[in-house]
Amino acid sequence: MTKDELKIKFESLQEGLSFEEGTEWLTINIAPEEFKNFALLLRNNNELHFDYLFCLTGVDWKTHLSVVYHFSSTVFRHDVVIKVKIDKADPIVDTVCDIWRTAEFHEREAYDLLGVEFAGHPDLRRLFLTPDHEGFPLRKDYEDPINMIKL
Amino acid sequence: MLEELGTNDQGDMIINIGPQHPSTHGVLHLVITLNGETIKKVEPHLGYIHRSIEKMCESLSYRQFIYVTSRMDYLSSHINNHGCALCVEKGLQIEIPSRAQVIRVLMDELTRLASHLLWWGALAMDLGAFTPFFYSFREREMINELMEDTCGARLTMNYIVPGGVMMDLHPDFQRKVKEFLRLFKSKIHEYDDLVTGNIIFQNRTKGVGYISKEDAISFGCTGPTGRGSGLSCDIRKLYPYEIYDQLQFDEVIETDGDSWARYKVRVGEMVQSMRIIEQLIDNIPEGDFQAKTKAVLKLPKGDFYTRVETARGELGVYIVSEGGSTPYRIKFRSPGFSNLSALDHMSRGGKIGDLMATMGTLDLVIPDIDR
Amino acid sequence: MISLEGLTTLLQTWLQNTLGEPWAFAAESVLVGIAAITLFAFLGLALVYMERKVAALMQIRLGPNRVGPKGIFQTSADTLKLVMKEGLTPDGADKFLFNLAPFMVMIAAMLVLAPIAFARNFQIWDLSIGVLYVAAVSSVAVIGILMAGWSSNNKYSLLGAMRSAAQIVSYELSAGLSILAIVILTGSLRISDIINSQADGWWIIKGHLPVLIAFIIFLIAVTAETNRAPFDLAEAESELTAGFHTEYSGMKFALFFLAEYINIFIGCAIGATLFFGGWMPFHIGGWDSFNHVMDFIPSSVWFFSKTMFLIFLIMWFRWTFPRLRVDQLLNLEWKYLLPISMVNLLIVTFMAIMGWHL
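So the protein lines, in turn, are chains A, B and C. In the working numbering, each residue carries its 1-based index in the first sequence increased by 274. In the working numbering, each residue carries its 1-based index in the second sequence increased by 127. In the working numbering, each residue carries its 1-based index in the third sequence increased by 290.
Bear in mind the hints are in silico, worked out from the structure with no lab data behind them. Be aware that a few hints might be false.
Looking from chain A toward chain B, a few residues come up when the C-beta cut is under 7 Å (computed) [to be verified]: (1) 284; (2) 309; (3) 325; (4) 329; (5) 331; (6) 333; (7) 375; (8) 402.
Every residue gets a Cβ at the ideal spot worked out from N, C-alpha and C, and that includes glycine.
So that you can see chain A by itself, here it is in the shape it has in the complex (with noise of 0.2 Å):
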C-alpha cells in the first residue's frame, strides 16, 4: 500500500489517530497506553501485516521523551513509524519483544542509553554499560566531566 492508503487504512481501524505531517513515510503518533494494542493489530491485522521491526530508538526533547518504531511489511512492502511520546519522569511503555523478537536487544539498548522502561521486557539490563553506572548518556541533560569534551 501507498502512504495514503495506508492512512485510509489507518483510520477506517481506529479512531482519533494523529498523523505526522510532511514525513517520507507515513508517521502516527501514539499513547504510551494504546501502544501495545495498536502493536498488536499492526503485527496481527492480514492487510497491514507489519512483521519487520527495522528500528527501535528514543528521542529526548528536553521536556518529554518519545520512542520512535520503525515498521515494515516484508509482504507487502510498506513502512510505517509510530511515535510513542512518554513522560520523562516516568518513562515507561510496554514491550513488544513478544511481538517481534528483534525488540529484545534494541529496548535493552534504548534502556541503556535513554532510560525508557519497557514494561513487560523479560530481560531489561543495561546492554552497553555496567550495571552499577549512573544516568542515562544519549539523554540531553547527561553530564559526564571526564569523558565529554564540549566544543
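On the provided structure of chain A, position chains B and C as indicated by the hints.
Frame of chain A, contents of chains B and C only:
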C-alpha cells in the same frame, strides 16, 4: 557461590567466550551455558568497544559526522559513509552528479567484495583451516591498494561525502580494477577447491545455526543472514538508491537457513559484486564528482531515514533535525546488532564447535554492534 | 663403509674391553639416554622448523627467514625464549599434578622411542612384543593430557582434556587394528622381524588393497592420536583458545609442544616401519641386481626419508582441512573406521591363510 564455581544450580557449566577470544573477531563477550558440550544458552555481553558514536554525532556538523561513522563497521566503511551521505542529501534535497553516483556504487561493491573476502578467510579459520585466510588476503590486499590510491586510506576511507565524493578517482583506478577482476576470476576456483568442496567444511556448516524465515523476520535478520533463510531483504533491490535500479545483478537467496546457506549467499554475492563492477568500470561518466553545496549544511526540521545495504545487511541512518547545523539525534540501525540478537536462538542445542560456525557465518563486526 | 651398526659395535667392544661387562652396560645405558634426549631435542627443533616451512609453502608465504640462513635457527631462538620465560602456575591449580603433567606426556613420548629401528641393527631395545609395546605405551600420554586439563582448574582446559581422552581412546582401536593387519601377515610382534619380512617388498606393495586400506586408517588414527588438525579438538584454538594447555607457559608449554612433534615422529616412524619396511631399502622380490643397487643407499637414509614423507603428509592435512566437530569425530571412528578396519582385518587374515601375500 555457584557463579564462582562456574556452574549453575542445574549443574551446567557456564563458560565465558571472550572478550578476548580468537573467534569472536574482536571484543564480543559471550556467556554460554553448557551441558557437556551442548549449548543451552548464549548470552552476549556488549559494550567493550562502545564509543557512543551517536552521542558524538550530536555535536558534530553534517560534514564532520561522516568521519566517525567509518569506524562503525570498519569492513564496509564506504557503505556507512554512503548511508549517512544519502540521509543528509535526502534532507537537503541535493541531486548528485552521475559520475559521483557511479563512483559511489563502484566503491560500495569493491568494499563488499573486500569484506566478504575477509569473512571467507576468517570463517575458514574459525573452523580450523588456516590456509584460506592467506588466499583471501592476497585478493583483499589488491582492493585495499586500490582504495589507498583513490581515497588515501585502506580501512576508514571517509571518501563519500554529502554532495558526491571527496575527490576524483585516481588515474590508474580503471586499469587496476580491471587487473584485479582478471586476477580474481583466475583465482576464484581455488576458493571452491579449498573450502566449498571440502566434505569436512560442508559437514561443519550444513544444518548448523538454523533459523527459519519467520524467525529471521522477527529477529530483524538482514543481509546474507536473512537471505540465507529465504527472506528477500536486499535494499539494493527493494529500495534502490543511486543507480542500482539500472544495474543487472541478482539477489542471491538460499532457503535452507543454516550456516551453509549463508555461506553460499555470501560467495554468490561476491560474484554479483563482480558483475556490478564489470558493468560500471568501463562506463564511468565524465563530469563533476561533487555537487555544489553550501559551506555549512543545515537540514530542515524533521526526521530523515535512509537504508543502505552493507556487507552485513541493512544499515539504517535515522537523523532527527531541529534545523541546526548539527543533528539533534542520530540513530544507526546496525545490521550486526539485530543479527547478533538471533545468535542465542540459532545456537541453542548445538555444540561449541557449531557456535563458531554460526558466529562465523553471521559475520559479526563488533564495532558495528557496539557503535 | 661406515655405518651406524659399525659404530655401535665398535663402541661396545671398546667399552667391554676397558670397563668389563656390568660397567659397560651401565655406561651404554647412560650413552643411550643422552643420545635419545639429544635426538628428541633435535627432532623437536627440526620438525617445528619443517612445519613452519611446510605451512608457509601451503600459505603462499615465506615462513621463518631471519634467524640464520633460511631461518634454520628460528626454532632454537624460540626455544631459548621459552626456556627463559617464567613458568606460571595458576593459583587455583593443583600444583603437583599441574607440574607433573608435561613430564608425563614427555616421558610417554620418550618411552615409545625404545623399539624403533633407525637403521640396520640400530635399535635401542628389540623386544619381542615391540608393536604391542608401542600401542600400549603411546596411550599413556592421554593420562598426562587429562592431568593437565583437570589440574589447570580452567574450563577450557577441562573441556579440551575430555575431548582428548574420548578421542585418543577411540582412535586407539583402529590404530591397533590396522597394526594387527601387519602383525598377522608377518606372524611376529618383534620390530626386527617385521622389517626383515619386507626384504622382498614392502607390505604396502605386496599386501595389495587390504594393507593399503589399513595404512590409510592407520594414518588417520595417528593424526587423531597426536591431536593434529583436522582432529585437533583438544586444543581447538578457535573454540577453546588452547585447550588442555591453556594455562601452561614457558618451558612447561614447550614440553607439550615438543611432545606433540615427537609423537608425530613416532607415529610416522611406526607407520614407515610397518608399511614401508622401516630401514629396508626398496626391494622387489627376485630382482637381485636391482635390490643390490638399492642397498647402496644407507639404511638410515631410507628410514628417515620414509618417516619424513609421512610427517609431510600429516602436516599437509593440518594446513588444508577444517576441524571436525566432536560428535563427527566420534562418529567417524565408531561408525566408519572401526567397522572398516575389522572387516579389513578379516580379509587380511584370509589373505595370510591363503598365502596370497607372498
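Status of each hint after checking the structure:
1. 284: Nearest chain B Cβ about 18 Å off; hint violated.
2. 309: Hint on residue 309 of chain A: violated, closest Cβ of chain B at ~18 Å, above 7 Å.
3. 325: 5 Å, holds
4. 329: At about 4 Å, which falls below the 7 Å cut-off, the nearest Cβ of chain B leaves the hint on residue 329 of chain A intact, so it holds.
5. 331: Holds: closest Cβ of chain B sits about 4 Å from residue 331 of chain A, inside 7 Å.
6. 333: 5 Å, holds
7. 375: 5 Å, holds
8. 402: 3 Å, holds
Of the numbered hints given earlier, the model fails hints 1, 2; all others are met.
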